[in-house]
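Novice: First to last, the protein sequences are chains A and B. Quick note: the first sequence, position 195, residue 195 per the numbering used here, numbers continuous. Quick note: the second sequence, position 204, residue 204 per the numbering used here, numbers continuous.
Calculated directly from the structure, the hints in this document are not laboratory data. Please note: incorrect hints may appear among the correct ones.
Examples of chain A residues lying across from chain B (beta carbon under 8 Å, computed) [what the hints assert, rightly or not]:
no., residue
1, 109
2, 111
3, 117
4, 118
5, 119
6, 121
7, 245
8, 278
9, 285
10, 288
11, 289
12, 292
13, 293
14, 295
15, 299
No farther apart than 30 Å at their CA atoms in a straight line, the calculated lysine-lysine pairs in the DSSO-like style are these [stated by the list, open to error]:
no., chain 1, residue 1, chain 2, residue 2
16, B, 115, B, 80
17, A, 108, B, 262
18, B, 115, B, 262
19, B, 165, B, 80
20, B, 174, A, 106
21, B, 165, A, 108
22, A, 108, B, 174
23, A, 106, B, 115
24, B, 174, B, 80
25, A, 108, B, 80
Computed from a predicted model, the values in this text were never measured in an experiment. Note that the Cβ used here is the ideal one computed from N, Cα and C, for glycine as well.
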Amino acid sequence: MNYLKSHPGLVILAAVLLVLPFALPNAYAFDVAIRVAINASVVIGLNLLIGYTGQISLGHAGFFGIGAYASAILTSRWGWPPLAALVAAAAGTALLAWVVARPILKLKGHYLAMATLGLGIIISIVIVNETAWTGGPDGMPVSALSAFGKELSGERPWYWLSAGVLLVVTWLALNLIDSPAGRALQAIHGSEVASRVVGVDTSAFKARIFVLSAALASVMGSLYAHYVGFLTPGLAGFFHSIELVTMVVVGGMASVYGCIFGALILTMLPQLLSTLEGWETVAFGVILMLTMIFLPRGLVPTLKNRFGRGTS
Amino acid sequence: MSQFLQFLFSGVTVGATYALAALGFALIYNASGVINFAQGEFIMLGGMFAALFYQFGVPLPLAIVLAVLLAALAGVLVEKLAIEPAGNAEVVSLIIITIGASLTIRGLVQVFMGKGTRSLPAFSGDTPLAVLGATLLPQSLWAIGVTAVVVAVLAWFFGRTVVGKAMLATAYNKLAAQLVGVNTRFILLLSFVLSATLGAVGGILVAPINYTSYDVGIMLGLKGFVAATLGGLGSGLGAVVGGLLLGVVESMTAGYVSSAYKDATPFVLILLILFFRPQGLFGKKGTDRV
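Use the sequences and the hints to build the structure in full.
Specialist: Have a look at this one:
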């Protein structure tokens, strides 16, 4: 019951995730819920970087793509067990992120945006061009997720898996933010110079959070690959990176629950608008601009401020 | 040798567009500290509008003028509707706002002009000129020549006119410029108009060589951004050199290494530059940015 006091949001989230399957009418609704959970988990990781540390990444879909394609290639072409492939993909992504983290995170503002964008685009171009491995623009099939001889299929098992992962990721993120390391990250957002003055090793912290969020994106990419069963290179592309950043900023930078809302809204939006070809891009753009202009801190923090603690 | 020359020609032609896009980035960055991710859409709008009007039977020169005017109008709208209301937002917010503007423009073009590709006729015929064993399209000369003229006009504008000097003053120190009576809000608006115009001109110049469609703006814009960063954000000379360099490197990669990885080279190049010389080739740390 301590948890109800210290993390009421987490308890509510768990309750909602537990009750939701009874309210979802059909397989399509389950599908949307699973996608929301996968996106939300990626976005929570990205938010640790953007929202808490103040470091933008316009290339996170690249890490998601590495996870997805590494899992697909290792399981389908090399016959690896899916879990081993998932771990290997995450380790590979973490290694890549670790190698580039220090030179990239030395950069600030627009230069950082450029560098992360460049990294993401290089990854997506490699995926498009290495046709022999990835199937190129035509995409490639992925085997089902199996562990200990059992295969995971059907929307309900996948729902429980993705909802469980989301809950764990949320819990870890909340703990991380409350830890001394999390305080250090927020201090970096406030002022990098000031945090260095009080003895925070800013570059080490920034690098660690970059690696962590990249590895998380990779794991979710692997799960996504097994879930959808067929990959196309768009999932590693620039537009998907933008979608992920949009989810962070619409829901609310520096708010873990905001990320879940952002993922919820922006995953459902294209589904609702899918009949209006072209307009979904317009709607996406307009929502981005309006949120940034009128709710620069995002939906959840703004609402929380207005109704929760009065105006400040 | 003739092969090398061939790659050089095509590199410089595309590089001229990158240079115009990069100049657009530099202009807005100087006036407002914003990197306008919608810059690529201005390039796309130029090409698409010109092709659309031409298709409707408007004479080519008039179609070009109309396209540039409409793109400039789009620049006004982006500044008035998206940048100005945001006020003094953070860099991350401003980046996202301009990305939103770019998606909106691209989506609208897709809705109203369709997904198909369009093309413009070459300004003065398609007969290639033979130069030392390589061929050079007349349109390439147009692209290179017009870019050179634009750069010269901009140099005159910033060096000799009151408005140009006011823009430089705003870039150097906004508050000080306001104190001596510069209308910095007008300067900001002007920078968007100018950069939209530059982008549109670039888009029109290459439309006869490469087909244009609603989604060409992403890559062109991103490469313009790479070119601007390569030269050092905010440096006019750097933008031009960065653009040309990028075009040539890209063309050489396509010719000698792999055409599949042509689009990746600018991004590999920029990562290397940022890792080893974070302020760009021509940028100076913390000094004037013009």
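Novice: Compare the structure with each hint and give your call.
Specialist: Results of checking the hints against the structure:
1. This hint holds: residue 109 of chain A has a C-beta 4 Å from the nearest C-beta of chain B, less than the 8 Å allowed.
2. For residue 111 of chain A, the interface hint holds, the least distance from its beta-carbon to any beta-carbon of chain B being 6 Å, beneath 8 Å.
3. Restraint check, residue 117 of chain A versus chain B: the minimum CB separation of about 7 Å is within 8 Å; hint holds.
4. For residue 118 of chain A, the interface hint holds, since its Cβ comes within 8 Å of a Cβ in chain B; the closest pair sits about 4 Å apart.
5. Residue-level restraint check for residue 119 of chain A holds (minimum Cβ-Cβ distance to chain B is 7 Å; threshold 8 Å).
6. About 5 Å separates the beta-carbon of residue 121 of chain A from the nearest beta-carbon of chain B, less than 8 Å, and the hint is met.
7. With 8 Å as the threshold, the beta carbon of residue 245 of chain A comes within range of chain B, its nearest partner Cβ sitting at about 7 Å, so the hint holds.
8. Restraint check, residue 278 of chain A versus chain B: the minimum CB separation of about 4 Å is within 8 Å; hint holds.
9. Among the interface hints, the one on residue 285 of chain A holds; its C-beta lies about 3 Å from the nearest C-beta in chain B, closer than the 8 Å criterion.
10. Taken as an interface hint, residue 288 of chain A checks out: its beta carbon lies about 3 Å from the nearest beta carbon of chain B, inside 8 Å.
11. A least Cβ separation of about 4 Å between residue 289 of chain A and chain B falls short of the 8 Å threshold, and the interface hint therefore holds.
12. Taking 8 Å as the C-beta cut-off, the interface hint given for residue 292 of chain A holds, the closest approach to chain B being about 5 Å.
13. Evaluation of the residue 293 of chain A hint against chain B yields a held restraint, the C-beta minimum of about 5 Å falling below 8 Å.
14. This hint is violated: residue 295 of chain A has a C-beta 10 Å from the nearest C-beta of chain B, more than the 8 Å allowed.
15. Violation of the interface hint for residue 299 of chain A is found here, the shortest Cβ-Cβ separation to chain B being roughly 14 Å, above the 8 Å cut-off.
16. Annotation: proposed proximity of residue 115 of chain B to residue 80 of chain B holds, straight-line Cα distance about 28 Å (limit 30 Å).
17. At roughly 27 Å between alpha-carbon atoms, residue 108 of chain A and residue 262 of chain B fall within 30 Å of each other, so this suggested pair holds.
18. At roughly 24 Å between alpha-carbon atoms, residue 115 of chain B and residue 262 of chain B fall within 30 Å of each other, so this suggested pair holds.
19. Between residue 165 of chain B and residue 80 of chain B, the direct Cα distance comes to roughly 23 Å. Compliance with the 30 Å bound is thereby established for this hinted pair.
20. For the hint pairing residue 174 of chain B with residue 106 of chain A, the CA-to-CA distance comes to about 27 Å; that is within 30 Å, so the pair holds.
21. At most 30 Å may separate the alpha-carbon atoms for a hinted pair to count; residue 165 of chain B and residue 108 of chain A meet this at roughly 29 Å.
22. The suggested pairing of residue 108 of chain A with residue 174 of chain B holds, with an alpha-carbon distance near 21 Å, which does not exceed 30 Å.
23. This hinted pair does not check out: residue 106 of chain A and residue 115 of chain B have alpha carbons roughly 40 Å apart, beyond 30 Å.
24. Of the pairs offered as hints, the one joining residue 174 of chain B and residue 80 of chain B holds, with about 19 Å between alpha carbons and a cut-off of 30 Å not exceeded.
25. Between residue 108 of chain A and residue 80 of chain B, the direct Cα distance comes to roughly 27 Å. Compliance with the 30 Å bound is thereby established for this hinted pair.
In summary, the structure is inconsistent with hints 14, 15 and 23 from the numbered list given earlier, while agreeing with the others.
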